[in-house]
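Participant: Whole structure, please, built from the sequences with the hints as guidance.
Listed in order, the protein sequences are those of chains C and B. Residue numbering for the first sequence follows our numbering, beginning at 8 and increasing consecutively. Residue numbering for the second sequence follows our numbering, beginning at 2 and increasing consecutively.
Check before you lean on any hint, since a few could be wrong.
[Said to hold, decoys possible] With a straight-line Cα cutoff of 30 Å, these simulated DSS-like cross-link-like pairs (lysine-lysine) come out:
hint: 1; chain 1: C; residue 1: K461; chain 2: B; residue 2: K128
hint: 2; chain 1: C; residue 1: K406; chain 2: C; residue 2: K378
hint: 3; chain 1: C; residue 1: K378; chain 2: C; residue 2: K395
hint: 4; chain 1: B; residue 1: K132; chain 2: C; residue 2: K461
hint: 5; chain 1: C; residue 1: K451; chain 2: B; residue 2: K128
hint: 6; chain 1: C; residue 1: K395; chain 2: C; residue 2: K451
hint: 7; chain 1: C; residue 1: K370; chain 2: C; residue 2: K395
hint: 8; chain 1: C; residue 1: K451; chain 2: B; residue 2: K139
hint: 9; chain 1: B; residue 1: K111; chain 2: C; residue 2: K461
[Said to hold, decoys possible] Not close to chain C: a few residues of chain B, all C-beta gaps over 10 Å, as computed:
hint: 10; residue: H11
hint: 11; residue: H17
hint: 12; residue: A51
hint: 13; residue: D74
hint: 14; residue: R143
hint: 15; residue: Y207
hint: 16; residue: Q208
hint: 17; residue: G243
hint: 18; residue: Q246
The set of hints was computed from the structure by calculation and includes no laboratory data. Quick reminder that beta carbons are idealized off the backbone N, C-alpha and C, glycines included.
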Amino acid sequence: MKTAAKAMGNERTMATTTPKLEKYFEAYEEVRAHGLEREPVWLQQLREDGWARFSARGFPSTHDEDWRFTNLAALAKTPFRRAAKGEFAVSPAQLAPWRVAGAACQLVFVNGHFAPELSDFGTLPEGLLVCSLAKAIDCGREGCAPEGIEQHLGRHADMSRDVFTALNTALWEDGAYLRIHRGVALEQPIHLLYVSAGVGAEIATHPRTLIIAEDASQAAIIEDYVSLGGEAAFSNAVTELAAGQNAVISHFLVERENLASFNVSTLRIEQSRSANVDSHSILLGGGLVRNNVHPVLNGEGAECLINGLFVGAGRQHGAGGQHIDNYMLVEHARPHCNSRQFYNGILADHARGVFHGRIVVHKDAQKTDAKQTNRNLLLSDNARIDTKPQLEIYADDVKCTHGATIGQIDEAQLFYLRARGIAEADARNFLLYAFAAECLDRMKDSAAREFAEKLIRERLQELVSAVETAAPSVVEEEEKQNWEEVG
Amino acid sequence: MALLEIQDLHASVDGHEILKGVNLTMNAGEVHSIMGPNGSGKSTLAAVLARRDAYEVTGGRVLFNGKDLLEMDPEEAACEGVFLAFQYPVEIPGIGNAYFLRSAMNAVRKYRGQDELDAMDFLPLYKERMKLLEMDEKFMNRSVNEGFSGGEKKRNEILQLSMLEPKLAILDETDSGLDIDALRIVAQGVNAMRSPDRAFLVITHYQRLLDYIATDFVHVLVDGKIERSGGPELALELEEKGYGQIEADAQQALPA
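Facilitator: And the structure:
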């Protein structure tokens, strides 16, 4: 019976998605043809494996527990295609608004292809390798391979569990490769800019980033997704970050694509002994966003901070109503590790948010200390958040806590600010910013934090103005309710 | 022209009438005290004057500087020069005390057509006023009222009052819960602000505050109406005899 039910489930999935998988198959054929000619066998194998897994399962449906709150029908039915290298020209002027002040260097990828002419390598310090991943592997063919790629690429991100990782593994064409050498500490952040730019075309890209932080290295990396123009795009990104012993790494994911776009990103972090990794997700744009963060604390004394802010607005889904789904999977595999998850969500209009916080504590991971908090502000009656903690604990001496809150803007605070002369819209903006700033306060002082702060300020200003002009009644109707414990 | 003219003011909260015809006229330079038993409508009067929208005005009118106060939003009233020192100041995590106050001052200045203050103009003044109120400079960068003790919150209210320089300052039970030292400091802050251009409406349950702030007029609010008005000696009488007699008189005055 069980088998039959499972088969039926698969059939349903395939029935809704199969006709639109052709474009992905076409892309796979093209990428594979190139790979057969130029890529090492292990990589060809990975691609084949990825494709086999994706084509067998297709896109998940909402019957899949991990996708319960996110319907991918709109993604599956859009015929996204691959873009050839150089197919859509992008000028440096077009990128000017997306640069990060104070970055050590910036690598630009356009529609999944490295664009060296748009990149800025700055003056990189010794002990840091930053380049195109495809190029690094291509060099390997001629025997000058940067070491470590084969040991890490595709070895951490889990294709068997996640079809998007499988799809990315089959179809990735490029992305950044970073190697921070032992003991090297970088002050300024490295900016990786992934640009979707298809004029009159719906482009899918599968950026693949590999970050190897050797023992005792220190760096901040900003992975940034933007779109030029209003075309729908699909970015399916996978990043593997391997942090060596005592490495201290901050990773920033910034999503600021247009509202027609789909973005699925997976950050897989592998932490060695006493490695300390911060993941900061700043999700402000995109129509449908799925943010997977998956650290595995695989060495004693490792610590991670999983910090995020998601801001959504817009009308009905499909017409600009943002849907932002955060799927956290924190795995404690060794004793004495410490994980902190803090996600704050602000949802206006018809936006919908999801926070799925899963903590797995393996049998040997004694003295685990894991904490998870998800706080949400709903600015309209039509906004919605689904928040779901999930703890799986197989060790017996651990400390795990979780909590979630959902609330509205506090009327007493709003009145206090107004009674001092601050206009209502500004007062709302203040309170939203204060809520969002909890996320900023957890970032170390740096150019990356300043960048995040600027983006958040701009986004909230935009949100308050939009709420003001579009639907004042919605705001007026807010109930006088404070934080409510939901689980 | 009077600074504040309240005429036959009626107001309700959640459908219950709290103010049942309040009349009060205040001129610039005067200090008026409103005393009264719990639930008589003192805080409602303060909230209506500060334009809190949970309070519904059902009748009467209020002129502030000749303008219709009841037509104003809270921020507009504040910019026109009404200041409410809250009985229970709200904590606002994530917004710095100094940043908040400078924003408020600049909102008011902008409304009045004055240039905005930058941090360099603002800070020396802010520090000077903090010193007057015996407040530690550490409060500058803390979130608004967050984790402040009761006395610190009240001092922070008076600090805002002294920076915003309103025409009408309403102190809503600013003395409640203060020890003598805090009370003295708060009163000192208020007294330093007294001027011929400014009026104070001091709402209090106890006569004690009036030992420190010299009041010109005392009004007794009972069941939503001012039942008696007089000079400072009325406060002393109330301290001695309580509100019982006035409440009884008010009962008797009710039509059968």
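Participant: If a hint holds in the structure, say so; if it doesn't, say that too.
Facilitator: A quick look at each hint next to the structure:
1. K461(C) <-> K128(B): holds, 29 Å
2. K406(C) <-> K378(C): Distance ~8 Å between K406(C) and K378(C) Cα, so the pair holds.
3. K378(C) <-> K395(C): Holds: K378(C) and K395(C) sit about 14 Å apart, inside 30 Å.
4. K132(B) <-> K461(C): violated, 34 Å
5. K451(C) <-> K128(B): holds, 29 Å
6. K395(C) <-> K451(C): holds, 28 Å
7. K370(C) <-> K395(C): Since the Cα atoms of K370(C) and K395(C) sit roughly 23 Å apart, the hinted pair holds (cutoff 30 Å).
8. K451(C) <-> K139(B): holds, 22 Å
9. K111(B) <-> K461(C): Roughly 24 Å separates the two Cα atoms, so the pair holds.
10. H11: holds, 21 Å
11. H17: holds, 17 Å
12. A51: violated, 5 Å
13. D74: Violated: least Cβ distance 7 Å, not greater than 10 Å.
14. R143: Since the minimum Cβ distance to chain C is about 13 Å, R143(B) lies beyond 10 Å and the statement holds.
15. Y207: holds, 24 Å
16. Q208: holds, 27 Å
17. G243: Given a closest Cβ separation of 32 Å, the condition holds.
18. Q246: The assertion about Q246(B) holds, with a minimum of 35 Å to chain C.
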